[in-house]
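Got chain A sorted already, so can you dock chain B onto it with the hints?
Each chain, letter by letter, is given below.
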Amino acid sequence: MTVGTAFEKARADERAALVGYLPAGFPSVDGAIEGLRAMVDAGCDVIEIGLPYSDPVMDGPTVQTAAQRALDGGVRTRDVLRTVEAVAATGTPTVVMTYWNPIDHYGVERFAADLASAGGAGLITPDLTPDSGGEWIAAADAQGLDKIFLVSPSSTDERIAMTTAACRGFVYATAVMGVTGARATTSALAPPLVARTRTTIQHQNRDLPVAVGLGVSNGSQAAEIASYADGVIVGSAFVRCVLDHDDRREALTALTTLTHDLAEGVRRA
Amino acid sequence: MTAQEPGLDRPDRRDERRRWDADEHGWFGGANVGWGGRYMPEALVAALDELTVAWQEAMSDPAFTDEFARICREYAGLPSPLYEATRLSEKVGCRVLLKREDLNHTGAHKIRNVLGQALLTRRMGKARVIAETGAGQHGVASATAAAYFGLDCTVYMGSVDMKRQALNVARMQLLGTKVVPVDSGSATLKDAINEALRDWVTTVDHTAYLFGTAAGPHPFPSMVRDFTRGIGDEARAQCLERYGVLPRGIAACVGGGSNAIGLFTAFLDDDVEIYGFEAGGDGFETGRHAATIMAGDRGVLHGARTYVLQDEDGQTIESHSISAGLDYPGVGPQHAWLAASGRASYTAVTDAEAMEALALLSRTEGIIPAVESAHAVAGALRVAKDYGPDDIMLINLSGRGDKDMDTAIGWFHLGAADDGAAEPLS
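In the order they appear, the protein sequences are chains A and B.
Basically our numbering = 1-based index in the first sequence + 1058.
Basically our numbering = 1-based index in the second sequence + 112.
No wet-lab data here; the hints were simulated from the structure.
Think of the CB as a built atom: it goes at the ideal place given N, C-alpha and C, for glycine as much as any other residue.
Please note that the accuracy of each hint is not assured.
[Stated by the list, open to error] Covered stretches of chain A, going by a simulated chain B footprint (3 or more residues, C-beta under 8 Å): (1) 1075 to 1089; (2) 1190 to 1198; (3) 1202 to 1209; (4) 1212 to 1218; (5) 1252 to 1264; (6) 1282 to 1296.
[As the list claims (entries may be wrong)] Derived coverage of chain B by chain A (criterion: at least 3 residues anywhere in the stretch with Cβ under 8 Å from a Cβ of chain A; other residues may be distant): (7) 270 to 284; (8) 290 to 304; (9) 423 to 432; (10) 451 to 464.
This is chain A alone, in the form it adopts within the complex:
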């Protein structure tokens, strides 16, 4: 299944898609694979695997801590690809969320080829915008990979149009001005951003899902976002499940419980 078909399937069910995130290598390479598979089993429609990076400027303390622990544990880019392979084997579309330098250093074409052969669906690139991403766009197109760029409440209409035109799979709408991390309330900035993005996509005569991320941590927030967006992206809250439970079984139970809550949320709207 591709990212696109996962969103189509959710739409056919008259609900939003649930996108769940964990960084590779956290708490260990195999531990992350186990956790991500639990999230698949419990109802995530799309999986997002973080590539841990030393300088994650878009991440708040929760994801930073997890990424640092993964790096301290010796996770390598090849381990990320192994994680992708193990999760994509479940049939759930799997994308990698990564800052640009590790991909640049690996070699953009080589990474695209290796990601495709691992069964990965594409990349989310938080610090690469389409106007700086020509090399990635070409490599992704050559491999048939999804290119998921971000739009922000501060984006101009022109930049939203430039971004959605370059996206494939879905477009990632950041709900707040800020970094990753759970927040108590949902953002008032997200609905108008999604509306602007949708209008732009319509003008381009395209069918590109809009998913909302940053700050979503529970079923009721997911339900609220699902009422106006095509997808709900949850990261830090999943990471928190693993951070808060040193015991492997307890962590897996927490991941499963949270996924159930969120999966119910995206169906409530």
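Below, chain B alone, put in the same frame as chain A:
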């Protein structure tokens, strides 16, 4: 001897001049194939675009440039003197000129950059500034500019650096700035930049980021250069006026590279040798250094395509230097371009060489330089061994050494009863 014409505005030299400058998207040396650009979260692009427009308009508005010049003159004590170090010259065998940025208000070239950026912040109608700092020099300069302009100021500083530079933390606090410790990553300069960027993503509508060096995403490398290039503009004019010739060589230390690009810019089209000296730490071969250009690995760090100290997977490697101001695993993209094109040459100076030069300058000229600037002195003297008595080596003495006394005390075992500790210095 005949004076060389400055000639920077001669039409036949404009293309040559442009060759060293960035294109409209901040690329030095060619779009996408060169250096710089902007690798940043979309959330910050609107603010960076707004800043680019504001900076370009300001630089062509005499009301802004005149005000900047007035503040530099009346408040910061500029232009800084160009001083002929005669006793040092005798030792070296050529004429050594020191651009005395150590005499500026707050003790370093950094005041130029922050006054420029803070003046621009006021012009843009923003009331809050944030900054990162390593050694605390840019933090103190930012706190100073914030006090001068009445802006609210927050400085991010690695918790490791806060312990190493407690005096500068106190200075910032006295100036009314909030200093926020950063514990993430290696808890040093690069992590302070990350944290400042995270603040900025959240507060960008009312906050300006006073970036501390000529690195980062477009327009920072070009904008910071514009605010610091007075170093070289002044030095070039001072040298021509007094000696009727340009120097044979110019030298500066390079961390992120703001003092160096500030010196180099005026000389790029001249027949002048340009030398940048990176921090060689324990020695380049040990791997414990901050010689980013020498290491020669292309990458992306803090929003710019440049040389980066990184491992096999593109993870940033911690840099090492006795000088906190040079302890940065990236470098400004224009330096990357000047290095790659061969216009300037960059080599490393070890901790030991820098400390030796620090002692030498202290004893021969009565000037205690910053450890950063001591790298430039050490490197320049190495080059100048091949210079004749009439040749001029112009060194940017980018800052004063008061802040480094703890380092000097530790290195030279100073401060105890005089048991001959001075011996190793001679």
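Okay, the hints, checked on the actual structure:
no.: 1; hint: 1075 to 1089; result: violated (count 0)
no.: 2; hint: 1190 to 1198; result: holds (count 3)
no.: 3; hint: 1202 to 1209; result: holds (count 3)
no.: 4; hint: 1212 to 1218; result: holds (count 4)
no.: 5; hint: 1252 to 1264; result: violated (count 0)
no.: 6; hint: 1282 to 1296; result: violated (count 0)
no.: 7; hint: 270 to 284; result: violated (count 0)
no.: 8; hint: 290 to 304; result: holds (count 4)
no.: 9; hint: 423 to 432; result: holds (count 5)
no.: 10; hint: 451 to 464; result: violated (count 0)
In terms of the numbered hints stated before, the structure departs from hints 1, 5, 6, 7, 10, listed from lowest to highest.
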